[in-house]
Structure formats: C-alpha cells, structure tokens
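These are the residues of each chain, in order.
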Amino acid sequence: KQEVTQIPAALSVPEGENLVLNCSFTDSAIYNLQWFRQDPGKGLTSLLLIQSSQREQTSGRLNASLDKSSGRSTLYIAASQPGDSATYLCAVEYGNKLVFGAGTILRVKS
Amino acid sequence: DAGVTQSPTHLIKTRGQHVTLRCSPISGHKSVSWYQQVLGQGPQFIFQYYEKEERGRGNFPDRFSARQFPNYSSELNVNALLLGDSALYLCASSWALPFKTFFGQGTRLTVV
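Residue numbers (the working numbering), protein chains in the order written: chain A, 1 to 110; chain B, 1001 to 1112.
The following block holds chain A by itself, in its conformation from the complex (with noise of 0.2 angstroms):
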C-alpha cells in the first residue's frame, strides 16, 4: 500500500528559527514528489517539486531534499517568518495520482 507519513503533526516556532518537515514513504517507485502550502480553507499551493532522478530543489529560503532509496524527503525552511504559518503537505507521484500525507501544521510565532 503506498503511504505517505508526515512528522511533526505540529510545530511552533518562534520567528527567525531554521526548520525542518520530514516526510517518509513506502514505495518508492515515485515519479517525483512535492511540497505544498495550504492556508486554513484554502488551495493547495505548490513550493517545489523533486523529479525521482533529483536528490534536491531549492526555492529562496526552501530547501527540498529526496532520498528515494530511504523513502525520506525534507522540507528546510530557514530564518522563518510569521508569513510562513501554514500546512505544509508532502505529496508522491505514482503515475497518475498524488498520495499525500496528513500535513504538518506549522505555527511560527513573532
């Protein structure tokens, strides 16, 4: 069964720290992977993607990281803001669909 895990569920930070949203999955025949922004009741809104040939993608202050072989990928986000506050939701390709994790909540206080 192809799962997607997010840790933390929730995190609070206060502004200016560096951070890090670790996703895991259990297939690992991905196409590519991608991290997602979602404000409360919102779209999803795409940061960056990994093709499975990549090991990473950086985006200003985001850093994506792929290790396929592990079923790992990170998320580094530095210098935080109050602007980041936010679900940040991790998602695997297989082809013709995404399978998402549950998010990480992320607060970050000023």
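What the hints contain is simulated information worked out from the structure, not anything from laboratory work. Errors might be hidden in some of the hints.
Calculated pairs, DSS-like style, for lysine-lysine (alpha carbon to alpha carbon, straight line, at most 27 angstroms) [as the list claims (entries may be wrong)]:
no., chain 1, residue 1, chain 2, residue 2
1, A, Lys1, B, Lys1013
2, A, Lys68, B, Lys1100
3, A, Lys42, B, Lys1030
4, B, Lys1030, B, Lys1100
5, B, Lys1013, A, Lys42
Listed next, with one range per pair, are the computed distances between beta-carbon atoms [stated by the list, open to error]:
no., chain 1, residue 1, chain 2, residue 2, range
6, A, Ala102, B, Gly1028, 25 to 35 angstroms
7, A, Gly41, B, Pro1070, 30 to 40 angstroms
8, B, Arg1067, A, Lys109, 23 to 33 angstroms
9, A, Asn63, B, Arg1063, 38 to 48 angstroms
10, B, Lys1030, A, Ser52, 16 to 26 angstroms
11, B, Arg1063, A, Ser52, 11 to 21 angstroms
12, A, Gly95, B, Arg1063, 23 to 33 angstroms
13, A, Ser46, B, Thr1009, 37 to 47 angstroms
14, B, Lys1100, A, Ala29, 12 to 22 angstroms
15, B, Arg1063, A, Lys109, 38 to 48 angstroms
16, A, Gly16, B, Pro1070, 33 to 43 angstroms
17, A, Arg61, B, Gly1028, 27 to 37 angstroms
18, B, Gly1016, A, Gly83, 40 to 50 angstroms
19, A, Ser110, B, Thr1009, 24 to 34 angstroms
If you only want the chain B side, here are some residues facing chain A, beta carbon under 7 angstroms, derived [claimed, not checked]:
no., residue
20, Phe1045
21, Pro1061
22, Phe1103
From the three backbone atoms N, C-alpha and C, an ideal C-beta is built for every residue, glycine too.
Got chain A sorted already, so can you dock chain B onto it with the hints?
Below, chain B without anything else, positioned relative to chain A:
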C-alpha cells in the same frame, strides 16, 4: 494566465441530493484530477482524466463520477449525498502526468 478555477466555491446540500462540481484547468493543461480533503487530513485521490479519458480512479464508491470535456474542463458528480461527503473538493491540472501539478482553491461542500 488564469490558474485552475473551480465553481462554486461553497455549496450546502441535503442528504440524498446530487451535486455537480466544475473545474477549468490552466490553459494548455490536458490532465485534470479530483481530490477530496476532509478536515485535518491530506487530500485523497478520486479521479484522473487525460485527453477526456479516465486514467485513474481512487477508492471511492460508484456514487462518485466524473468526466472531461473537449475543452479539457471537468465535472465531478456525486449522487445520493451522505453526511460523510462533506469536505473540500480540489481540482488539479497539469500538462500531463507526471508533471508539476497545480491546484484550484477548491469547493467546500457541506451536506446537512
């Protein structure tokens, strides 16, 4: 360019009724997928359509159906609504799969 657009944004229906949700993909995108997101959980895959053909179906009952039109827009239909169908329904589009996927803002369905 417009992103993925969904209509309506909110909807309240009574148990047993039928509902139709609509989605317009990003221009040039031929793949449309539907997801259901229950509060506190990640989105769950319902359907994927590519070039007007169903290419994938998730673990949902036959009360759920969908179709894609020649202009690549899509409809999700749910019959005999249950209270448990209350959720945020998300539409996603991409040029094809597996390519970067873009999501709409969703339709919030409440069944009472």
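Hints versus structure:
no.: 1; hint: A/Lys1 <-> B/Lys1013; result: 34 angstroms, violated
no.: 2; hint: A/Lys68 <-> B/Lys1100; result: 18 angstroms, holds
no.: 3; hint: A/Lys42 <-> B/Lys1030; result: 23 angstroms, holds
no.: 4; hint: B/Lys1030 <-> B/Lys1100; result: 13 angstroms, holds
no.: 5; hint: B/Lys1013 <-> A/Lys42; result: 20 angstroms, holds
no.: 6; hint: A/Ala102 <-> B/Gly1028: 25 to 35 angstroms; result: 32 angstroms, holds
no.: 7; hint: A/Gly41 <-> B/Pro1070: 30 to 40 angstroms; result: 32 angstroms, holds
no.: 8; hint: B/Arg1067 <-> A/Lys109: 23 to 33 angstroms; result: 46 angstroms, violated
no.: 9; hint: A/Asn63 <-> B/Arg1063: 38 to 48 angstroms; result: 42 angstroms, holds
no.: 10; hint: B/Lys1030 <-> A/Ser52: 16 to 26 angstroms; result: 22 angstroms, holds
no.: 11; hint: B/Arg1063 <-> A/Ser52: 11 to 21 angstroms; result: 35 angstroms, violated
no.: 12; hint: A/Gly95 <-> B/Arg1063: 23 to 33 angstroms; result: 25 angstroms, holds
no.: 13; hint: A/Ser46 <-> B/Thr1009: 37 to 47 angstroms; result: 20 angstroms, violated
no.: 14; hint: B/Lys1100 <-> A/Ala29: 12 to 22 angstroms; result: 19 angstroms, holds
no.: 15; hint: B/Arg1063 <-> A/Lys109: 38 to 48 angstroms; result: 44 angstroms, holds
no.: 16; hint: A/Gly16 <-> B/Pro1070: 33 to 43 angstroms; result: 52 angstroms, violated
no.: 17; hint: A/Arg61 <-> B/Gly1028: 27 to 37 angstroms; result: 30 angstroms, holds
no.: 18; hint: B/Gly1016 <-> A/Gly83: 40 to 50 angstroms; result: 43 angstroms, holds
no.: 19; hint: A/Ser110 <-> B/Thr1009: 24 to 34 angstroms; result: 30 angstroms, holds
no.: 20; hint: Phe1045; result: 4 angstroms, holds
no.: 21; hint: Pro1061; result: 17 angstroms, violated
no.: 22; hint: Phe1103; result: 4 angstroms, holds
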